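Number of protein chains: 2
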Amino acid sequence: MMNNCEQCVVKNKAICSALDPDELIAINRLSRKVSIKAGQALIWEGDDSLIVANVVEGAFKLTSSLEDGREQIIGLLYPSDFVGRPFGDRNEYTVTALADSKVCVFSRSDFDQFVREHPDLEHKLLQRTLVELDRVRRSMLMLGRKTAPERVASFLLEMSDRLADASCSVVGGSLQQFALPFGRQQVADILGLTIETVSRQMTQLKKNEVIALPDHRNVQILDANRLHDIADAGSS
Amino acid sequence: MMNNCEQCVVKNKAICSALDPDELIAINRLSRKVSIKAGQALIWEGDDSLIVANVVEGAFKLTSSLEDGREQIIGLLYPSDFVGRPFGDRNEYTVTALADSKVCVFSRSDFDQFVREHPDLEHKLLQRTLVELDRVRRSMLMLGRKTAPERVASFLLEMSDRLADASCSVVGGSLQQFALPFGRQQVADILGLTIETVSRQMTQLKKNEVIALPDHRNVQILDANRLHDIADAGSS
DNA sequence: CATTCACATTGATCTAGATCAACGCGACAA
DNA sequence: TTGTCGCGTTGATCTAGATCAATGTGAATG
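From first to last, the protein sequence lines are chains A and B.
As numbered in our numbering, residues 1 to 236 make up the first sequence, in order.
As numbered in our numbering, residues 237 to 472 make up the second sequence, in order.
Label pairs and their computed distance ranges (CB to CB):
{"hint": "1", "chain 1": "B", "residue 1": "253", "chain 2": "A", "residue 2": "17", "range": "26 to 32 Å"}
{"hint": "2", "chain 1": "A", "residue 1": "30", "chain 2": "B", "residue 2": "439", "range": "55 to 61 Å"}
{"hint": "3", "chain 1": "B", "residue 1": "364", "chain 2": "A", "residue 2": "22", "range": "29 to 35 Å"}
{"hint": "4", "chain 1": "A", "residue 1": "50", "chain 2": "B", "residue 2": "349", "range": "33 to 39 Å"}
{"hint": "5", "chain 1": "A", "residue 1": "195", "chain 2": "B", "residue 2": "452", "range": "39 to 45 Å"}
20 Å max Cα-Cα, derived SDA-like pairs, lysine to any residue:
{"hint": "6", "chain 1": "B", "residue 1": "360", "chain 2": "A", "residue 2": "128"}
{"hint": "7", "chain 1": "B", "residue 1": "249", "chain 2": "B", "residue 2": "268"}
{"hint": "8", "chain 1": "A", "residue 1": "124", "chain 2": "B", "residue 2": "348"}
{"hint": "9", "chain 1": "A", "residue 1": "124", "chain 2": "B", "residue 2": "366"}
{"hint": "10", "chain 1": "A", "residue 1": "13", "chain 2": "B", "residue 2": "323"}
These are calculated hints, taken from the structure and not from any lab test.
Note that the structure is a prediction, hence the values are computed from the model and not measured.
The C-beta atom is built at its ideal place from N, Cα and C for all residues, glycine as well.
Please model the entire structure based on the sequences and the hints provided.
In structure tokens:
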């Protein structure tokens, strides 16, 4: 199925924004728009790296697991994010849709070659990879050294940065509301905790009126300063 | 102080290997060879990103810490590795020498510009960044989900991969010996454990004759298969 | 409207690993 | 030879968070 970059909703945010109209037409020929249902995997840990893609719509989780089923979420992807492992032949993690999603898929060999021929595109890709590396390293501090309250608070703040719904957030004040794109188990898998611990920390924050929970998926930050304090020193 | 890339010991392994002789002369003009004593920092967390560098000799740790002193080592750097944050204006972590070291330093603005003018160099940098991202994500699984015995075993295996002393290791067999470039506290900071737990796990492995410890810094792997089993499922 | 199913919360224990506290030991200096 | 200083090991407790076990809850279905 042919795709049309001109009309693509992420053309200004994805790495494609490095390309001019002619180049856009060229890369268009290499891409396929694919729909993925919630829960379906796009890439499997351990498989050969045969495709890469841009997320157009929806959300994905990136996971790695142990044989006995313990799982760690090692990344989240949203529209305009790049997925997959270019210039390498093995995928080290699984990519699964968290919601019904659309991606713009390239064969890895086509993509690798096209990137090498378009340095501006490669530059965008490098920039994104560097940003992701910084983000992942931040999570290492969290996973290695933070307590449960600190982890949950950091998580809520990071989510509010990434997801803050413009229509609901009051920029000047501390009121911010957003909907988590996943359930408690997945929050636990992001934070390296159990579902019960996450739940207890959330209710604790609610009791202390640091956050409000209109329902299980929605979070409202009532006291962002307090949340920041908890995130960085656990001074609950 | 001027540098000479022609004679550089890491010229074939560092990102510079993407450059031809003319380009090597050009980048030579931008670089300074700097010596760093063990314990001294090259880059500070939170500082503006003003320099980047190649490690020429020695070893570095990359750390991030919480205000109360808890510290997590989020990376290790050896000769030919690239250090610093190009194309971004903030260093998110501290880089400290673990041993007396030498680095080849560039001003970030010079380097950024030079890289943009040399796509092959940028490509090498991208490849390295992708490899590092894979490595860091593997550590996330370890920090988030592995038990103490699993962490220590994974760590020893990763170290034997990176450091295996060619002169001592018998490739065909399971005998491998290497010297850790750091003490127990730093192992603890890599694994997200305490020094006591690391120590106990090491003596446990010694008692079970999975490893031998000629002294505190040296490790000899006696039963690599066993160590692999422990690393991936804790089946001690 | 009842039923069920998938989650989430809450409570009661348990335990891996942290914390607190000696003790050992080799290097180096007086 | 005798401190003592910086590490590392070992032992005794403590505790944060896991585990085990009910108990809500709310959306989807007959």
